[in-house]
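*Asks:* Here is how the chains run, residue by residue.
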Amino acid sequence: MQRIRISPDPIDPAAELEAFTRKSAGSGAIVSFTGQVRSSSPGGKVVKLHLQSHPVLTQSAICDAFTDSPVLSSATDWRVVHRTGDIPAGETIVLVAAAADHRRAAFEAADFMMDYLKTEAIFWKKEICEQTSAWIEPRAQDYADRSRWDNHGR
Amino acid sequence: MLISYYGRLADSIGMAQEECALPGGIATAGALRGWLAERRGGYADLTDAKIRIAADDRFVEDVADIANAAQIAFLPPVGGG
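Residue numbers (the working numbering), protein chains in the order written: chain W, 1104 to 1257; chain E, 1098 to 1178.
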């Protein structure tokens, strides 16, 4: 099973987590996070998000960052499922899951993966509201969250 | 050469992809950026140094030779997932 899947197909979080849990049988801890399209934003009521990726670079950059990550080296396995294209409000954009021998490493792995995805992953995101639409860039808080990992384990 | 524009660039330029034949003298990524930016309309956005360039699915600097590349992508700052 591929660790990273980027596709316009809808995500079934329960099915993904079940498959990951089955594959990670014997791990002491499994942590997952599911991100959904918010139904409202400062721009008003959200109709959908448009998520664009690069056909090669998006996946290879995530793979490089996660394979080299000391945070993920403590995990026994991990998974990223990311949807692209037009995603209606309320539907799942992303699921990450991490397995480890103990809970702290699993929590940290899932947390790190999301902080990376929110700031560095090669996606472009347009929020389409009822009246307006706008390209969204990471918030200052997203970068602050990401920077927590810079000296991890040193 | 197939040129792709991602994210907000596709909106400002008005298309996501186009086929271009490079004129003689345009051999580097930076020269291509400058040549395209001289066109009317949203192409001027390409001069923003935050717009990264990929040649055949690899990030390149402006000094890189791209004369023989089949595909060029212009990538604005990412929005995150």
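Just so you know, these hints were derived from the structure itself, not from any lab. Do not take every clue at face value.
[Claimed, not checked] Below, a list of computed lysine to any residue pairs in the SDA-like style, where the Cα atoms sit at most 25 Å apart:
{"#": "1", "chain 1": "E", "residue 1": "Lys1147", "chain 2": "W", "residue 2": "Ser1135"}
{"#": "2", "chain 1": "W", "residue 1": "Lys1229", "chain 2": "E", "residue 2": "Ser1109"}
{"#": "3", "chain 1": "W", "residue 1": "Lys1151", "chain 2": "W", "residue 2": "Thr1235"}
{"#": "4", "chain 1": "W", "residue 1": "Lys1151", "chain 2": "W", "residue 2": "Pro1173"}
{"#": "5", "chain 1": "W", "residue 1": "Lys1151", "chain 2": "E", "residue 2": "Asp1153"}
{"#": "6", "chain 1": "W", "residue 1": "Lys1229", "chain 2": "E", "residue 2": "Ile1148"}
[As the list claims (entries may be wrong)] Chain W regions said to be covered by chain E (calculated; three or more residues, Cβ under 8 Å):
{"#": "7", "stretch": "1170-1180"}
{"#": "8", "stretch": "1216-1228"}
[Unchecked claim] Computed Cβ-Cβ distance ranges for the label pairs, DEER-style:
{"#": "9", "chain 1": "E", "residue 1": "Gln1168", "chain 2": "W", "residue 2": "Arg1108", "range": "47 to 55 Å"}
{"#": "10", "chain 1": "E", "residue 1": "Asp1162", "chain 2": "W", "residue 2": "Glu1121", "range": "30 to 38 Å"}
{"#": "11", "chain 1": "E", "residue 1": "Arg1137", "chain 2": "W", "residue 2": "Lys1126", "range": "34 to 42 Å"}
{"#": "12", "chain 1": "E", "residue 1": "Gly1131", "chain 2": "W", "residue 2": "Ser1163", "range": "26 to 34 Å"}
{"#": "13", "chain 1": "W", "residue 1": "Pro1145", "chain 2": "E", "residue 2": "Ala1134", "range": "37 to 45 Å"}
{"#": "14", "chain 1": "E", "residue 1": "Ala1167", "chain 2": "W", "residue 2": "Gly1188", "range": "20 to 28 Å"}
{"#": "15", "chain 1": "W", "residue 1": "Ala1168", "chain 2": "E", "residue 2": "Ser1109", "range": "43 to 51 Å"}
{"#": "16", "chain 1": "W", "residue 1": "Val1150", "chain 2": "E", "residue 2": "Arg1155", "range": "50 to 58 Å"}
{"#": "17", "chain 1": "E", "residue 1": "Leu1119", "chain 2": "W", "residue 2": "Ala1117", "range": "47 to 55 Å"}
{"#": "18", "chain 1": "W", "residue 1": "Asp1189", "chain 2": "E", "residue 2": "Asp1145", "range": "36 to 44 Å"}
{"#": "19", "chain 1": "W", "residue 1": "Arg1108", "chain 2": "E", "residue 2": "Ala1124", "range": "37 to 45 Å"}
{"#": "20", "chain 1": "E", "residue 1": "Met1112", "chain 2": "W", "residue 2": "Gly1131", "range": "26 to 34 Å"}
{"#": "21", "chain 1": "E", "residue 1": "Ala1141", "chain 2": "W", "residue 2": "Arg1251", "range": "23 to 31 Å"}
{"#": "22", "chain 1": "E", "residue 1": "Pro1174", "chain 2": "W", "residue 2": "Ser1163", "range": "17 to 25 Å"}
Built from N, CA and C at the ideal position, the CB exists for glycine as well.
*Asks:* Run every hint past the structure and note whether it holds.
*Replies:* The hints, checked one at a time:
{"no.": "1", "hint": "E:Lys1147 <-> W:Ser1135", "verdict": "33 Å, violated"}
{"no.": "2", "hint": "W:Lys1229 <-> E:Ser1109", "verdict": "14 Å, holds"}
{"no.": "3", "hint": "W:Lys1151 <-> W:Thr1235", "verdict": "11 Å, holds"}
{"no.": "4", "hint": "W:Lys1151 <-> W:Pro1173", "verdict": "35 Å, violated"}
{"no.": "5", "hint": "W:Lys1151 <-> E:Asp1153", "verdict": "31 Å, violated"}
{"no.": "6", "hint": "W:Lys1229 <-> E:Ile1148", "verdict": "17 Å, holds"}
{"no.": "7", "hint": "1170-1180", "verdict": "violated (count 0)"}
{"no.": "8", "hint": "1216-1228", "verdict": "holds (count 9)"}
{"no.": "9", "hint": "E:Gln1168 <-> W:Arg1108: 47 to 55 Å", "verdict": "23 Å, violated"}
{"no.": "10", "hint": "E:Asp1162 <-> W:Glu1121: 30 to 38 Å", "verdict": "50 Å, violated"}
{"no.": "11", "hint": "E:Arg1137 <-> W:Lys1126: 34 to 42 Å", "verdict": "54 Å, violated"}
{"no.": "12", "hint": "E:Gly1131 <-> W:Ser1163: 26 to 34 Å", "verdict": "28 Å, holds"}
{"no.": "13", "hint": "W:Pro1145 <-> E:Ala1134: 37 to 45 Å", "verdict": "32 Å, violated"}
{"no.": "14", "hint": "E:Ala1167 <-> W:Gly1188: 20 to 28 Å", "verdict": "25 Å, holds"}
{"no.": "15", "hint": "W:Ala1168 <-> E:Ser1109: 43 to 51 Å", "verdict": "29 Å, violated"}
{"no.": "16", "hint": "W:Val1150 <-> E:Arg1155: 50 to 58 Å", "verdict": "36 Å, violated"}
{"no.": "17", "hint": "E:Leu1119 <-> W:Ala1117: 47 to 55 Å", "verdict": "50 Å, holds"}
{"no.": "18", "hint": "W:Asp1189 <-> E:Asp1145: 36 to 44 Å", "verdict": "27 Å, violated"}
{"no.": "19", "hint": "W:Arg1108 <-> E:Ala1124: 37 to 45 Å", "verdict": "38 Å, holds"}
{"no.": "20", "hint": "E:Met1112 <-> W:Gly1131: 26 to 34 Å", "verdict": "51 Å, violated"}
{"no.": "21", "hint": "E:Ala1141 <-> W:Arg1251: 23 to 31 Å", "verdict": "37 Å, violated"}
{"no.": "22", "hint": "E:Pro1174 <-> W:Ser1163: 17 to 25 Å", "verdict": "18 Å, holds"}
Hint check: violations occur at hints 1, 4, 5, 7, 9, 10, 11, 13, 15, 16, 18, 20 and 21; the rest are consistent with the structure.
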